[in-house]
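2 protein chains.
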Amino acid sequence: MTLRLYDLAGAEPDRRFSPYCWRIRLALAHKNLAVETIPWRFTDKAAIAASGQGLVPVLVDGDKWIADSWTIANYLEDTYRDAPSLFGGAAARSLTRHYSSLADSLVAAIFPFIALDILHRVADRDRDYFRTTREQRVGKPLEAFVADRESRLAAFRASLAPLRATLKAQPFLGGDEPLYADYAVFGPMQWARCISPFVLLEEGDPVRLWRDRLLDRFGGLARKALAYDA
Amino acid sequence: MTLRLYDLAGAEPDRRFSPYCWRIRLALAHKNLAVETIPWRFTDKAAIAASGQGLVPVLVDGDKWIADSWTIANYLEDTYRDAPSLFGGAAARSLTRHYSSLADSLVAAIFPFIALDILHRVADRDRDYFRTTREQRVGKPLEAFVADRESRLAAFRASLAPLRATLKAQPFLGGDEPLYADYAVFGPMQWARCISPFVLLEEGDPVRLWRDRLLDRFGGLARKALAYDA
Chain V
1 MTLRLYDLAG
11 AEPDRRFSPY
21 CWRIRLALAH
31 KNLAVETIPW
41 RFTDKAAIAA
51 SGQGLVPVLV
61 DGDKWIADSW
71 TIANYLEDTY
81 RDAPSLFGGA
91 AARSLTRHYS
101 SLADSLVAAI
111 FPFIALDILH
121 RVADRDRDYF
131 RTTREQRVGK
141 PLEAFVADRE
151 SRLAAFRASL
161 APLRATLKAQ
171 PFLGGDEPLY
181 ADYAVFGPMQ
191 WARCISPFVL
201 LEEGDPVRLW
211 RDRLLDRFGG
221 LARKALAYDA
Chain P
1 MTLRLYDLAG
11 AEPDRRFSPY
21 CWRIRLALAH
31 KNLAVETIPW
41 RFTDKAAIAA
51 SGQGLVPVLV
61 DGDKWIADSW
71 TIANYLEDTY
81 RDAPSLFGGA
91 AARSLTRHYS
101 SLADSLVAAI
111 FPFIALDILH
121 RVADRDRDYF
131 RTTREQRVGK
141 PLEAFVADRE
151 SRLAAFRASL
161 APLRATLKAQ
171 PFLGGDEPLY
181 ADYAVFGPMQ
191 WARCISPFVL
201 LEEGDPVRLW
211 RDRLLDRFGG
221 LARKALAYDA
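Residue numbers (our numbering), protein chains in the order written: chain V, 1 to 230; chain P, 1 to 230.
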């Protein structure tokens, strides 16, 4: 039975932009697993109620509903054991968890650049929900939150120094080939690329070159997505 | 033949405070390798000239001189294969490199809190060297560099959020037991603890609890060091 993935979409059903869904899209491809993605909007809580919560990604495998990207990655690893490993062993799995934490902090670091672009591109029925929940989270109007983003860009790029140092030394976080750690950190980059024309990564930056290598993986799965630097 | 490690010391020969030497001290203990540590000062370049460069850690194993902590860790892993693995496999080794990069950024984040404490505790013959090289690096007098450190503490602690999230979920970065990734990131924490009375980590912080677990490992190797919160 084909796996199904509830995948965050914007006003256009093909604008898939969740950083957490993208890591699972690449994880599924890494495992050679076919998936049917179902466009889902922030307010479609009823559609994923069977998962016991209200956020995507939600993976449906037969009668199992699995939520939370780290839980899904572990489920895929433990269920599809004959497929290529997402982690690369037991120690590597433990070491990968921190990459998820790093990716979460990357989402937080990128959000002040693209929050308003997201607002403009979500489905009409999501707009109030998105503004209300996000403004409550950041404590100000989204317009004020993203103000002067050009002036903040250098500091953001500087904050990627550790990632840059690693990716100068090896092509992927996982080594010569990508692993789930790569997909976890790639998610926020693809999120920004798919929802905002704002250029976060400078041309020639080793972080961007790594992102581009991941865009090309799996027959260009991530590169073919509806995005702004296509 | 016993391994020898050139280990950065302050005015007191027992004040060992290099973040990069500490990770190797724990790596050697992890591998059950006895080591003779040799107190070394910043200006003792001649003593380690055989390593082809002028920084510690420098490990001497028979007629081999090995510099750079990442190179040393890989040397130990590849040379002492029957001892417990520092990385936990090939993929885990690749995934560990980024922890070294993260530790470097942690050194940079901690330095503005403890730079002056280091100056006061290095050997007399190192004082000019330390001030000159570090002031050139940071672009201002060390006194100005560390000014208002209390007011910067909250931001520093907030910057540890990804580490904190991971260490709430599992006892060590390497999982249930520590790996080189843990030692790499622990190094900067032990550096601060050994050279400065300034309290960086709040009591009860999961990052501090993790640091304390590492202090207790290997018979309290790191806890027994000459330090300020002993």
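No lab work stands behind these hints, which were simulated from the structure alone.
No experiment lies behind these values; they were computed from the predicted model shown.
For glycine and all other residues, C-beta sits at the position ideal for the given N, C-alpha and C.
Hints may contain errors.
[Claimed, not checked] So the derived list for chain V, only partly shown, Cβ under 8 Å to chain P, looks like this:
{"no.": "1", "residue": "Ala147"}
{"no.": "2", "residue": "Asp148"}
{"no.": "3", "residue": "Leu179"}
[To be verified] Derived pair list, reagent style DSSO-like, types lysine-lysine, alpha-carbon separation capped at 30 Å:
{"no.": "4", "chain 1": "P", "residue 1": "Lys168", "chain 2": "P", "residue 2": "Lys45"}
{"no.": "5", "chain 1": "V", "residue 1": "Lys45", "chain 2": "P", "residue 2": "Lys168"}
{"no.": "6", "chain 1": "V", "residue 1": "Lys168", "chain 2": "P", "residue 2": "Lys64"}
{"no.": "7", "chain 1": "P", "residue 1": "Lys168", "chain 2": "V", "residue 2": "Lys64"}
Hints and how they fare:
With a least beta-carbon distance of about 21 Å to chain P, the hint placing Ala147 (chain V) at the interface is violated under the 8 Å criterion. About 19 Å separates the beta-carbon of Asp148 (chain V) from the nearest beta-carbon of chain P, more than 8 Å, and the hint is not met. Because the beta carbon of Leu179 (chain V) sits about 6 Å from the nearest beta carbon in chain P, less than 8 Å, this interface hint is met. Among the hinted pairs, Lys168 (chain P) with Lys45 (chain P) is inconsistent with the structure: their alpha-carbon atoms are about 42 Å apart, more than 30 Å.
Note on Lys45 (chain V) and Lys168 (chain P): the hinted pairing holds, with a Cα-Cα distance of about 29 Å set against a maximum of 30 Å. Taken as a hint, the Lys168 (chain V) and Lys64 (chain P) pair is honoured in the structure, with Cα atoms around 27 Å apart against an allowance of 30 Å. For the suggested pair Lys168 (chain P) and Lys64 (chain V), the alpha carbons sit about 27 Å apart, so the restraint of at most 30 Å is met.
When held up to the earlier numbered hints, the structure conflicts with 1, 2 and 4 and fits the remainder.
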